[in-house]
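*Asks:* Letter by letter, the chains look like this.
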Amino acid sequence: MARNDVLVDADWVEAHLDDPKVVLVEVDEDTAAYDKNHIKNAVRLDWKRDLQDQVRRDFVNKEQFEALLSAKGIGNDDTVVLYGGNNNWFASYAYWYFKIYGHDNVKLMDGGRKKWELDSRELVADQPNRPATTYKAKDANNDIRAYRDEVVEAIGVKNLIDVRSPDEFSGKLLAPAHLPQEQSQRAGHVTSAVNIPWSKAANEDGTFRSDDELTELYKGEGVDFDKDTIAYCRIGERSAHTWFVFHELLDQANVKNYDGSWTEYGSLVGVPIEKDV
Amino acid sequence: MCGAPDQATISREGIPTGETVVQGLVYNGDAPVAGGYVRLLDGTDEFTAEVITSATGQFRFFARPGSWTVRVIPGGGHSGGEAKVDVAAGEISEVRIAV
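Note that the protein sequences, when read in sequence, are chains A and B. This note's numbering puts the first sequence at residues 1 to 277. This note's numbering puts the second sequence at residues 1 to 99.
There may be inaccurate statements among the hints.
To be verified - Simulated pairs of lysine to aspartate or glutamate, EDC-like, Cα-Cα distance not exceeding 16 Å: (1) A/Lys-72 with A/Asp-46; (2) A/Lys-200 with B/Asp-45; (3) A/Lys-136 with A/Glu-66; (4) A/Lys-21 with A/Asp-78; (5) A/Lys-172 with A/Glu-274; (6) A/Lys-158 with A/Glu-221; (7) A/Lys-200 with B/Glu-46; (8) A/Lys-172 with B/Glu-46; (9) A/Lys-227 with A/Asp-143; (10) B/Lys-84 with B/Asp-30; (11) A/Lys-200 with B/Asp-42; (12) A/Lys-72 with A/Asp-30; (13) A/Lys-172 with B/Asp-30; (14) A/Lys-138 with A/Asp-149; (15) A/Lys-172 with B/Glu-94; (16) A/Lys-158 with A/Asp-143; (17) A/Lys-40 with A/Asp-19; (18) A/Lys-200 with A/Asp-212.
Since the hints were derived computationally from the structure, they do not count as laboratory data.
Produce the entire structure from the sequences given, and follow the hints as far as they go.
*Replies:* In structure tokens, the structure reads:
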């Protein structure tokens, strides 16, 4: 994959707003943002309601994903362009889902909703009416998803990258600082993990840094590109952003997102944890 | 000048007991700036969190005790700005930022 295959900029999106084969999809943490306004003709995915199983802690299965995309009017041959708030955290998370279920023609809009707003580009309230499709997903590709046991086995062996903020990594905070801090799990990080916050991969306007800057960043932080890599954060959305950088922009082969992340790991009994405070 | 934002009450509604909070108001002249992007940077200027100002120009972070920089990103019709703020454990520190 090259950068041009996986990223489009805001100008490209503006030029394709009325292209029926391009489906713009907004994915936000604040799911009310879409109701207020969004890019013209964009549909919404609710990361919690649409992408998570509503009973078990897991994401939607293949059949649920097919039903979701069919209802949203997304066809197998459509180009899906994802964007959202929080510097594309949840859009990256959705991108990772689309890859897990085998939708190859998916891209991120660089900078997400923030870049679009900082540019003062047009947002509308009207919601598009896309006719339903019969979407067929592939079997889940778990080559890009890490589970807890694999994370424990990776201690001291693989690159374990904790992409949360330094205060979450050290154990001073239990959640990103835009959320209340009352949490049940332990604070700290997986033993042997290095802290390379997701934010270092992005410019202030939310766009990704250049490939050269990204390579320099990770090498400078001690990442061995010859080793397999697992990224995690608190719930797996910021680490999807870093997974995107490694797997899609820097073309690293064996990179997994641990979506259980700290809310799972920090609640496990008996696993190694380091805490700096 | 700038009378309204300086005197505007910053809401404390919805803050759980015991949380350490940095919150405030972004304004331009006499008007609050809604939809502004505000970042919380730690003592080494490392990104910690980002929020969007409310319809009344307000923002809130759940921080740890210490020194922080609150930075408003330029764009969307304003030039940005920043302020330093200290907060103690379990306290609420407030800051007003003109852009």
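*Asks:* None of the hints should be skipped; say for each whether it holds.
*Replies:* Each hint tested on the structure:
1. Only pairs whose Cα atoms come within 16 Å are accepted, and A/Lys-72 paired with A/Asp-46 is accepted, the gap being roughly 11 Å.
2. Between the alpha carbons of A/Lys-200 and B/Asp-45 the distance comes to roughly 12 Å, so the proposed pair stays at or under 16 Å and holds.
3. This hinted pair checks out: A/Lys-136 and A/Glu-66 have alpha carbons roughly 6 Å apart, not beyond 16 Å.
4. Restraint check for A/Lys-21 and A/Asp-78: the C-alpha separation of about 5 Å stays at or below 16 Å, so the hint holds.
5. For the hint pairing A/Lys-172 with A/Glu-274, the CA-to-CA distance comes to about 12 Å; that is within 16 Å, so the pair holds.
6. For the suggested pair A/Lys-158 and A/Glu-221, the alpha carbons sit about 14 Å apart, so the restraint of at most 16 Å is met.
7. At roughly 9 Å between alpha-carbon atoms, A/Lys-200 and B/Glu-46 fall within 16 Å of each other, so this suggested pair holds.
8. A C-alpha spacing of about 15 Å is found between A/Lys-172 and B/Glu-46, which places the hinted pair at or below 16 Å, so the restraint holds.
9. Of the pairs offered as hints, the one joining A/Lys-227 and A/Asp-143 holds, with about 15 Å between alpha carbons and a cut-off of 16 Å not exceeded.
10. Under the criterion of a C-alpha separation no larger than 16 Å, the hint pairing B/Lys-84 with B/Asp-30 is inconsistent with the structure, at around 22 Å.
11. A C-alpha spacing of about 14 Å is found between A/Lys-200 and B/Asp-42, which places the hinted pair at or below 16 Å, so the restraint holds.
12. A threshold of 16 Å between alpha carbons decides the hint, and for A/Lys-72 with A/Asp-30 the separation of about 19 Å lies outside it, so the pair is violated.
13. Only pairs whose Cα atoms come within 16 Å are accepted, and A/Lys-172 paired with B/Asp-30 is rejected, the gap being roughly 37 Å.
14. Restraint check: the Cα-Cα separation between A/Lys-138 and A/Asp-149 comes to about 25 Å, which exceeds 16 Å; the hinted pair is violated.
15. Straight-line distance between C-alpha atoms of A/Lys-172 and B/Glu-94 comes to about 21 Å, which puts the hinted pair past the 16 Å bound.
16. The suggested pairing of A/Lys-158 with A/Asp-143 holds, with an alpha-carbon distance near 15 Å, which does not exceed 16 Å.
17. Note on A/Lys-40 and A/Asp-19: the hinted pairing holds, with a Cα-Cα distance of about 11 Å set against a maximum of 16 Å.
18. The suggested pairing of A/Lys-200 with A/Asp-212 holds, with an alpha-carbon distance near 13 Å, which does not exceed 16 Å.
Taken one by one, the earlier hints fail for this structure at numbers 10, 12, 13, 14 and 15, listed in ascending order.
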